[in-house]
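Asker: Each chain, written out:
Number of protein chains: 4
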Amino acid sequence: MVNVGIVGGTGYSGIELLRLLSSHPQVNIEVITSRSNAGKPVAEEFQNLRDMAELRFSEPEIDSYQNCDLVFFATPNTVAMEQAEALLSAGIKIIDLAADFRIKDIGLWEKWYGATHTCPALVAQAVYGLPELNRDAIRDAVLVANPGCYPVSVILALLPLLDQNSINAASIIADCKSGTSGAGRSASVATAFCEVTESVKAYAVDGHRHLPEIRQVLQAVNKQAELVFTPHLMPMVRGIHATVYADARGSGDKVQQVFEDYYSDEPFVDVMPAGSYPETRSVKGANQCRIAVHYLPDRNKYVVLSVIDNLVKGAAGQAIQNMNLMCGLEESMGLNALGIMP
Amino acid sequence: MVNVGIVGGTGYSGIELLRLLSSHPQVNIEVITSRSNAGKPVAEEFQNLRDMAELRFSEPEIDSYQNCDLVFFATPNTVAMEQAEALLSAGIKIIDLAADFRIKDIGLWEKWYGATHTCPALVAQAVYGLPELNRDAIRDAVLVANPGCYPVSVILALLPLLDQNSINAASIIADCKSGTSGAGRSASVATAFCEVTESVKAYAVDGHRHLPEIRQVLQAVNKQAELVFTPHLMPMVRGIHATVYADARGSGDKVQQVFEDYYSDEPFVDVMPAGSYPETRSVKGANQCRIAVHYLPDRNKYVVLSVIDNLVKGAAGQAIQNMNLMCGLEESMGLNALGIMP
Amino acid sequence: MVNVGIVGGTGYSGIELLRLLSSHPQVNIEVITSRSNAGKPVAEEFQNLRDMAELRFSEPEIDSYQNCDLVFFATPNTVAMEQAEALLSAGIKIIDLAADFRIKDIGLWEKWYGATHTCPALVAQAVYGLPELNRDAIRDAVLVANPGCYPVSVILALLPLLDQNSINAASIIADCKSGTSGAGRSASVATAFCEVTESVKAYAVDGHRHLPEIRQVLQAVNKQAELVFTPHLMPMVRGIHATVYADARGSGDKVQQVFEDYYSDEPFVDVMPAGSYPETRSVKGANQCRIAVHYLPDRNKYVVLSVIDNLVKGAAGQAIQNMNLMCGLEESMGLNALGIMP
Amino acid sequence: MVNVGIVGGTGYSGIELLRLLSSHPQVNIEVITSRSNAGKPVAEEFQNLRDMAELRFSEPEIDSYQNCDLVFFATPNTVAMEQAEALLSAGIKIIDLAADFRIKDIGLWEKWYGATHTCPALVAQAVYGLPELNRDAIRDAVLVANPGCYPVSVILALLPLLDQNSINAASIIADCKSGTSGAGRSASVATAFCEVTESVKAYAVDGHRHLPEIRQVLQAVNKQAELVFTPHLMPMVRGIHATVYADARGSGDKVQQVFEDYYSDEPFVDVMPAGSYPETRSVKGANQCRIAVHYLPDRNKYVVLSVIDNLVKGAAGQAIQNMNLMCGLEESMGLNALGIMP
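Going line by line, the protein sequences match chains W, Y, P and X.
For the record, in the first sequence the residue sitting at position 14 is 179 according to this note's numbering, with numbers rising by one throughout.
For the record, in the second sequence the residue sitting at position 104 is 269 according to this note's numbering, with numbers rising by one throughout.
For the record, in the third sequence the residue sitting at position 185 is 350 according to this note's numbering, with numbers rising by one throughout.
For the record, in the fourth sequence the residue sitting at position 108 is 273 according to this note's numbering, with numbers rising by one throughout.
It is possible that part of the hints are untrue.
You can't tell identical chains apart in this list, so a pair holds if it fits in one copy or across any two.
To be verified - Below, simulated DSS-like cross-link-like pairs (lysine-lysine); rule was C-alpha separation at most 27 Å, straight line:
id : residue 1 : residue 2
1  : K466      : K388
2  : K276      : K466
3  : K419      : K466
4  : K466      : K205
5  : K276      : K205
6  : K269      : K205
Please keep in mind that the hints were generated in silico from the structure rather than gathered at the bench.
Nothing here was measured: the structure is a model prediction, and the numbers come from that model.
Sequences and hints are given; from them, build the entire structure.
Answerer: This is how it looks when you write it as structure tokens:
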């Protein structure tokens, strides 16, 4: 059994971790912390967790984690970096679902996140937690930076093309549509039901924090990689649909095979048959990325469609996949539930 | 032309007043106030009002209203009672869309609203703004208490039955389903998209502020009237569906005619044919109450179904209907737009 | 391992059976039939089932089921009664998710379902598949009538009160709100997105097929039981919220304890603390009925709130719970997933 | 007064025409036809139109239109072309809301629409009904091809850039998100509530009928114009959000001014301030196209965001704007209602 702790269990990533871990056969939830809810049963905050009657929020003190093998940070940005050294020193592994350890260039991180980084050395040591890219490094890691939700959907759509040098890497446009749970669980007019439902809008066209993250990962594969990234807010809870455009180099006739080969051994990337259209609802609640690639011969462009559940393969499920690797468990353990549809 | 002022134009009732008044041929919006937004163009807060480019929020000072014939309070409870005397003294009529003047029993009001009433004398003078009940009094009124949204849907469903003494007045159950806009425009987790969509729940079963309001109005018609009132939150923006149950006295065979006769001259109450089911979407954006009455001979009960748009016939449209009456305009002026469907 | 067959796997109950059975440790899906889709991979029809790559629809012939221990009918009404005798003769157990075996009074069934029943003898033999009421009989049954979705929500809300003789059994009103998946998966304007979303309506006020079913079950417990049942269509996919009213006999002060005691050993009925409000989303995807009971001393009435996922505890999950009992497995096997929220 | 007829009033464009025309001060709805509903009151089919109690569907015979000045075809494709000559011969003007007269190249039309065109001569004579492009020609036209909904959103986003030769016209990508009402009002599983809600998907990536229409219009302005067009289905009823990408020629610093100047006199195109994000809900029910243009200096690309209500500026409102022009009325008559929000 792996004893885990969860820091900040009152956001949507935290509650999803609890839901998924509740059916993981090799995990014991040792502690879950929340300063504002310390002492309160988790079931009181989240009605769907009423079966976990005994679980209560604790104070987020270092001592709370002493029996943990691994701690998940499902906290706002800048929280994990304050506690990471103490935990690692105590031999406790860390997966940060926020952004503290994702960007290697500290100056760049500080610009986008508007804060001073308190442990740059750990950033260097941290492994970017995308198993499809870094599986072996994750197995050996003690500190994993769980990827952002948009980056997962965009990067997985592009890896086969970049790997085969099939595109002009500077021509990428990622037009992404996200459900509202991506904005987190907080009191704000902007995410109110009456403001979100029955409407669509773009935002952060001039720059979103996930842009430097995507760029860093793509450029590690191909130095020429550049992209326009446009996020849109959708009137739904879960799901990201990335529509990714890129100019083909040479003919695109074989692209279906390229994708199928690249992902043939991946348990959580599903390449659909040629001509398909993935639906976000097909991965609702599931740790899956479903991809279809289209080639437009007239325009010599690829249009790659990829969908994930932003709270699962884009956050909590991804984190558990990383945990399984870091703790020597089977990679897909506890993650085989199908999408819930309708 | 009627010169009007709007106090507190940043909530959903306020924005709906602006939308409806923008196509009223005899109204000039003289001023709209909001302490927190003073100086800001209204169009900046509400994208649908960008055509009203010149309209800006002002400070909510008494002087601001000096050119107004009538002022709407689209404010939280307890705001209107603070300013009512000064406005009335200056010869300015008032329609309060909040609850300050709805409950005649001051002690009862203070119990339910948790505040001390500052102008009990005005409460006595105020007219409850339901034209189907109080049309003549509204014409002569200078201070109108615009009804709550739930009460409109429930009272209009019951008036014909109470008027004809057709029911056991103590047997009423009003099971009401409301869209989320009824909860107002504010930053709260409880009304966030991800908390409201794809779910239904009851609330305030043990007592909602609209209960004493409904009871007061029904008992004025029939002293025996008593009810159970259960509000439910629906995953939609606009609309209330009241499902009202009552025990029939005698046979209910003629009830369709009773409803058709009672409302035959009403411009904004639509009695549907026998066997019909009103849909809330059919009145979206429209100042209509649509009603169908069903009689269950086996159980000797009536089931009355009534729908309104809580922001229109349940708030802003009703207020304009009252304004038309108070200002000697045709009652339906500016209120004839059809529901938007789909 | 239990070898199961599914007849009619292209509706919402069928797909939900597949989803739930896919993580059941003791079930092998031997065959799934669909006349119109015979030969087609299931994954082609349902994108969320793409992991079940090998599963294909077969012709619905009796021979197809020869290796099955148990067959689920997730078909329209009147299909199961045509094949039941042949299967039972072959020693294959049956769970019918439709209504062919729910109503004991054949004349009543024929009136409500507009068909001639072809095997009345089997109706007499069939067990109504509500474990909270009939657990022991289900264990021994070879033919189980899986309950309707509305009946589950209403009956579970009333059993403790009827058992303790706490209510006037003739005073029941069940005001029920259901998600649209209850209407099935078929091409119709009435269930189109643009017709359903952002709206609420009642239907079948004068009589719904689930009314005689509820009445039969309640009257088996208390002969005086009578009810008004009003279904409403909600703008959401999954979930039923039953709001059940009944006149109390004597004081209702102890009612919380009555519910807690009655359901203390039930794995899938969750009695919430006094003053609670169950949300349908809290059971989305979960085999749970969550209940809160309120007592209104002023009106001497109970208001019981109960929620289920109509496709799980109201259909497919319930069916698996019955299968577990019929096949000697642990009752909750494969059914412990938590609700997905948000 | 203009006497109008509506052919095919049972789809979403037809019902929206009725809603909008009901408040048009200079229009008399002379006749509305529907073969399948002949004799039936319109209000029986559409609850929101119950105020139009006297209006009934007639048979779609030529004689029915004899008192009409103008007839709207709100029909499926290929219906208008069958009746157009007879109507025009009788001196009746025509606006076709379907696609029969949009594509000038008959061969191209026949390829995309899978039918033989029956009146190519009228195609040559027809005017494409986008007033922002063809206002004067529309004034003189007797036959107007009302544009497709996607084309309106994409073309209006690009006209200022093409007019100023500010982009590489072959670099256009139009990533479009549409509400479900764009798919029409028909019985189909694909548009069922349970299939559409809480999900996003792309479709017709390899070619949509609106692609040749957009290309024809853009190429009339700039022969080099070429585009990738990707439609997506959104879980909402109304609204299109076009996100249009193009490579800038030269610096894009002045682009805000270019848009403001180009549309300065347009009553129904609203250029938002720099840095804005239009929301589809802001134009719900309104005949508006709201646009914001963003320039990304790092990538030297424009990202133009434009929103319309597909049933209003994308269909029925646009048609009325065209009617006003064709009949010598003020262009904006009957079209000034604001968007309904929330």
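Asker: Does each hint fit the structure? Answer for all of them.
Answerer: Consistency of the hints with the structure:
Within a single copy, K466 and K388 get their C-alpha atoms as close as 20 Å, and across copies as close as 20 Å, so both meet the 27 Å cut-off. Taking CA atoms no more than 27 Å apart as the test, K276 paired with K466 passes between copies only; the shortest distance there is 23 Å, against 34 Å inside one copy. When the C-alpha separation of K419 and K466 is checked against a cutoff of 27 Å, the pair qualifies only within one copy, where the shortest distance is 13 Å, while the shortest distance between copies is 30 Å. In the homo-oligomer, the alpha carbons of K466 and K205 never lie at most 27 Å apart, since the shortest distance is 54 Å inside one protomer and 32 Å across protomers.
Neither within a single protomer nor between protomers do K276 and K205 lie at most 27 Å apart by alpha-carbon distance, with minima of 37 Å and 30 Å respectively. When the C-alpha separation of K269 and K205 is checked against a cutoff of 27 Å, the pair qualifies neither within a copy, at 37 Å, nor between copies, at 42 Å.
Taken one by one, the earlier hints fail for this structure at numbers 4, 5 and 6, listed in ascending order.
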